[in-house]
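Enquirer: What follows is each chain in one-letter form.
There are 2 protein chains.
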Amino acid sequence: MGHIADKYFKLDPWAVIEEGFDPKHGKVAESIFSLGNEYMGVRGHFDEGYSGPKHVGSYFNGFYESLNFKHPVAYNGFVLTGADMTNTVDWLYTRLEIDGEVLDLATSKFSDFRRVLDLKTGVLTRTFVWETKSGKKVKLTFERFSSLVNTHLGGQKITFEPLNFSGDVKVVSGMDFSIHADEKPNNWNAPRKEKVGDVFAILGETKIGKRYLCATFRLEFDGAAPTNLPLIQDELFAGTEFTLSLQQGKATSFRKLSVNYAGKVLGNAPDAWTKTFKVSKAVKIEKTDAPKDINETADVVWNKGIELAGKKTTYDSEIAAHKAFWANVWDKLDIVIEGDDENQQGIRYCIFQLHQTYHGSDPTLNIGAKGLTGDAYGGKAFWDTEAYCLAFYIFNNPEAAKNLLEFRYSTLEQARIRARVLDCAGACYPIATIDGWENCELWQHASLQIHVSGSVAFGIEEYDNLIGDKDFLYGHGAEMLMEIARFYVSRAQQDPHTAEYGFYGVMGVDEFHMMTNNNCFVNYLAKKSIDFALKVADEMKQNAPEKWNALVKKINLQDSELKKFAEVAGHMKMLQREDGVFEQHDGFFNLPHIDLKSIKKSELPLYDFWAYDRIYRTDMVKQPDVLMFLFMYAQDFSREVIKANYEYYEPICMHESSLSPSIHSVIAAEIGKHDEAASFFGFATRLDLDDYNNNTYQGLHTTSISAAWTNIVYGFGGMRTDRKMLAFSPSMPKTWKKLSFKVLYQGAILSVVVDKKTTTFKTDGKSITAKIYGKEYSIDGNGVEIAIPDFYIAK
Amino acid sequence: MGHIADKYFKLDPWAVIEEGFDPKHGKVAESIFSLGNEYMGVRGHFDEGYSGPKHVGSYFNGFYESLNFKHPVAYNGFVLTGADMTNTVDWLYTRLEIDGEVLDLATSKFSDFRRVLDLKTGVLTRTFVWETKSGKKVKLTFERFSSLVNTHLGGQKITFEPLNFSGDVKVVSGMDFSIHADEKPNNWNAPRKEKVGDVFAILGETKIGKRYLCATFRLEFDGAAPTNLPLIQDELFAGTEFTLSLQQGKATSFRKLSVNYAGKVLGNAPDAWTKTFKVSKAVKIEKTDAPKDINETADVVWNKGIELAGKKTTYDSEIAAHKAFWANVWDKLDIVIEGDDENQQGIRYCIFQLHQTYHGSDPTLNIGAKGLTGDAYGGKAFWDTEAYCLAFYIFNNPEAAKNLLEFRYSTLEQARIRARVLDCAGACYPIATIDGWENCELWQHASLQIHVSGSVAFGIEEYDNLIGDKDFLYGHGAEMLMEIARFYVSRAQQDPHTAEYGFYGVMGVDEFHMMTNNNCFVNYLAKKSIDFALKVADEMKQNAPEKWNALVKKINLQDSELKKFAEVAGHMKMLQREDGVFEQHDGFFNLPHIDLKSIKKSELPLYDFWAYDRIYRTDMVKQPDVLMFLFMYAQDFSREVIKANYEYYEPICMHESSLSPSIHSVIAAEIGKHDEAASFFGFATRLDLDDYNNNTYQGLHTTSISAAWTNIVYGFGGMRTDRKMLAFSPSMPKTWKKLSFKVLYQGAILSVVVDKKTTTFKTDGKSITAKIYGKEYSIDGNGVEIAIPDFYIAK
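Residue numbers (the numbering used here), protein chains in the order written: chain A, 1 to 795; chain G, 1 to 795.
Errors might be hidden in some of the hints.
Using 25 angstroms as the maximum straight-line C-alpha spacing, the simulated PhoX-like pairs for lysine-lysine come out as follows [as the list claims (entries may be wrong)]:
hint, chain 1, residue 1, chain 2, residue 2
1, G, Lys207, A, Lys601
2, A, Lys109, A, Lys10
3, A, Lys278, G, Lys600
4, A, Lys24, G, Lys281
5, A, Lys284, G, Lys250
6, A, Lys281, G, Lys281
7, A, Lys601, G, Lys284
8, G, Lys304, G, Lys193
9, A, Lys597, A, Lys470
10, G, Lys275, A, Lys70
11, A, Lys284, G, Lys193
12, G, Lys284, A, Lys597
13, A, Lys600, G, Lys601
14, A, Lys281, G, Lys157
15, A, Lys70, A, Lys195
16, A, Lys601, G, Lys643
17, A, Lys284, G, Lys597
18, A, Lys281, G, Lys24
19, G, Lys601, A, Lys622
20, G, Lys622, A, Lys278
21, A, Lys278, G, Lys70
22, G, Lys70, G, Lys109
23, A, Lys70, G, Lys207
24, G, Lys137, G, Lys250
25, A, Lys278, G, Lys601
26, A, Lys70, G, Lys24
27, G, Lys70, A, Lys275
28, G, Lys601, A, Lys281
29, G, Lys673, G, Lys775
30, G, Lys109, A, Lys597
Here's a subset of chain G near chain A, in silico, CB distances under 8 angstroms, partners left out [said to hold, decoys possible]:
hint, residue
31, His71
32, Leu80
33, Phe165
34, Ser280
35, Thr314
36, Tyr377
37, Glu441
38, Gln493
39, Asp495
40, Gly587
Calculated from the structure, these hints are not laboratory results.
Glycine residues also receive a C-beta, built at the ideal position from the N, C-alpha and C atoms.
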């Protein structure tokens, strides 16, 4: 794949460790040491300030600034306004001064630098010895956490241990809205700064969207606190300053409890859609039920922030609760790999970061491509949510999974309007979004990548297969499904010769082909979405006729529409050769071939080194497209068909998406290519730790780290979930001694252990049924041990 | 075709006449009454100012303002800066006041309005009677011309004839840079205004590009001139004011001679290309030989303007010379249609406007899509120049034709750089340009429409076929041809099965399909371009070995390259069915069919009423694509093949390009569909006069009016020029009594007369050879009369 591992961090099964500080890796380390708790996230930047290369970053999930896009010419359907997760407030802001020298690791003398992210507890610690120009040596320890329990709260503890002197350190501690990425302008005003009791507070206001954020902190000291801490302020800053007297050989610390409240978007102006899109003169939409642009006011946000900050609590009690949360997480879903320290560390890091990004506390939030670890991709969520991330939550935290689907329901009206703007019916979900509107500024993606709606339908079906939550299915789920089916049926066109249906002018998952016709992935996903909508319709008529009738009335669904659904899904064009290989889209097999080995490493990423149009003119694919639907709907296809397609598409895949290798690994495991499965997997767990794509400095590849979990459970576990019954076919790379993982299923915790020759399935008591290597088993607390068939043993 | 004629102007064989003024047609009339002389052009706006809807427009050919394009994301090859023909100075500026009332046809009382554009003389006259609120009636006559002889000069004559009073009229006359289209900001500063002797002068400076324009005028009066005319000025205005004493029943006039000099672009900064395009990190270009951005300075432009203005001349002598020029034009190339007054007027209007736009005086100029009649399309030239306009000049004014090709040579270096930016070799000519750089801001056109280079090669071949100018061919022509062949060979890719060559990811002429593969038009045009380059190479080796060797050395052309040229051109993929119908591109025959009748008139133009992507998803074509190469290289194909293709593609053509109907008319005539030929032709000559596309207000469709000439000469004349010998197959719509036209060929004026049953060919003396209905004839001053074969007689 042409990617090279950068082995900067130390191996440890339960930690990520940096020993010594290399400024060249500074921004990568900031990303790697990001902390978050779904509500807020902060990069691993230095608390005390740093004049070297850095990307100080602090984000709140779903908190965005509005953008106006410029197009040379805006045609109908073009996206005019966007939303970008905005960098907010540095609540860790600290400045330290001894003898007039301000600590700055870019210029100060220091030694024994060590930074440790403890995956077990979610606490980040950094220590080093600072030697001042005046010759004083002090050991500093910075500890921080973002509480997974009290998500508005972040904690910081700074400890000083003078090694060769006693004396003063001057400290400034505050909240700073002047941070920003090097390349972006600052989005903030700060109209209010106050000290309320012992709480320092500052109100931020975004310049365009006028959204508000109240940031506060209190300080705790060892022994007597400095009295009457003053409020000091600057245009975008509020904080305080004080002096600590340090004694040689004695550790002195202070602790900062930062509590923040980010204002919510309550609704939209009724004509929001006319500002969001270039709309054809033929489209008329009378009103919207999902208006936006109405924000919580400055006063409301300020008051909520102050109220939250007023709750009496301590650093020690908060960090204890936080650690307990993590202990529980690991108890439920740790993955153990024996015999492969790199992947052991890698997979735990992935699980850790996934939980930091999202764990389901708020149905109005989603999972941005970079999580809360950087502002690249503007914090936007893609179809990755349902295609790659949802399963992780279904098997660990069903409530979180449901809330991800509820996010789609809460934005259904925006998807309906988007469909209308594209001259279609039903609901077209956006390829990239924070606020439910299509936020992707590139028409060739926003207008042509129509597989997000199908991905949502796929998610609803998986959730139903595994959780069976009929309240959701017959309510919000069914409404989304019918609108998604409507969309695809309205967008489908017919082959003039065979009268089969298909989609023309699309871009599939593979973003190296544009304006293609009958992309198999899109056709199949749409067919399956419509089929499932029809199945749910039948089920509801049978089991919940009142709900069905209410839905039919609400969305004015005609019988003739259901007939048309069946007609389209029943006659969907699929291009498949006699040997079983699907043609990715009309004409794909006739595209000029390019030998991927002829592409030099110095030409990557292609978007930077090739003329744009050149990328689209060969049989090279960016990421799995045919293989993607063979993964999502694996049980619809024979192993032979899957193998034939893997062997055709794997050699022409560039993996220019970080999501790509895991899907290849999963399928390689399925068809008995164990070495390839192992090789693709290593990339998945350590994509960021080893900075394979040379862009971890922008933030973590959050959705692709969910693919690493998928890789273990669906790949080596061989789990399949696209039918009512769970299925497994475990295997393992030959270098591994043992693999074990757990999933939550039907109220039971199911443990799966894979040894060299046997695999063991066991629940925490409750009995469940699953297929293992194609045979049905009942599994309970006694466990089932099965010999691994030869086909699944790596040799 | 769904277009409706708007019969606003009166029929006359030699004039366009407006009787009475309807403000709703005000902007259309401004376009129709445009005057120009290649150097400058002015719309038909009212001299005296008008507060109703208007688009005051005054343009100088090739005089542009720079533009910076905004892209949401700029990928490699995207065009970052552009050039737009800018609206300049209203040199007709006049304000008239009687009894404190300022004349304004939007508010003043008037009668007997009549405006006449005399096509024979190129003079525009407007008369009406103004009745002031004070009850005074004065007959006003405005006359104007843009000298075709002294192209820096425009003349205006205003005559007053009081009908019921004697008294004063106050006049302001000047040069105004504050004009602009309603929707565009003004681009001007005016740093200098002076009166130099009897010349009033103002210097304009464009805000971004810092290009200069010196506008001047002198006034002539009946009898004694007012003495000491003052210079009056405003920020963007310089002029004078005076009072004329009018006597009842007596005509009093004054005349304005405006002389203007538009600064030239002398060269570019060496790194201009890096500002013009988003360039991949892999592309390095050391220097450019065609730098731009260096403008004539303010002082130089001022001094040239003043010098030109200083030449003593009179209104009467200038207008006389101008009229003589036009008499000569008509003498040489009038087209007479007996029995069809509409087309008679229409075709003369087309010829008139073509000559006004370009007649070859300057090889650095080209033909903008709207000529000099409006600023839509930014004054940019497209491939239309060679594909549609060049033949007109070859047959009327070979020097002008050569200069159009020299424009391409003068911008060869820009085309070379463009090719490099697109990861190709050779020269890629721009789809839209003023300054030689690609000026099209839309990547999907700029990067994918690669047929302009082939169109240039086609133009060189036509020029060689007809003029045989070997100095040009073996010099600039050959250099362009080799670079064009290099470009196509570097851009071509191979079918993985047949190893045939073709072009992938292109947009052909038909702009309703994007990112297509093996577009037949592009493949064929490229093949023919390379074939011709090879033919010229052979010819030069034989006839001009020194020039050939010098060229080979200059452009470092390798023998291996010539072999590759032959290999690619010899194995070019062409998709053709057994019945002879070419498939427009891979998969075209499998696109969903749309019945064009299902598209309502209220949905036109589609770009305004359909979502953008929807336009690209059917078998509907915007304009001839397959039919275009069957037209350009007609003699390569049998009548049966042409007919089969016409019958396939005509019913699916939307004609959303104004160039489309003429090509259909030409081919319909060729295959004996005389009624269709007649029906498409009517649209061609009267597109603007009858405002068929409802957008004449933006300016005239200059390149499509050249298609009207093509329609007569290639369509009804049946002329073909794609071989060494001229060929004709005349026919005529059945309603016509007689058609006659003239072409200049090999130094002779060849007259062609088509009667009901016979056609007559005759030269002005010199003997030439031509094929008529497939048979070779020698034609001289005695003429040849031939019976029209039955196939060519419309019944």
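Enquirer: Which earlier hints turn out false for this structure, listed by number in ascending order?
Expert: 1, 5, 6, 9, 11, 13, 14, 15, 16, 19, 22, 26, 30, 32, 33, 35, 36
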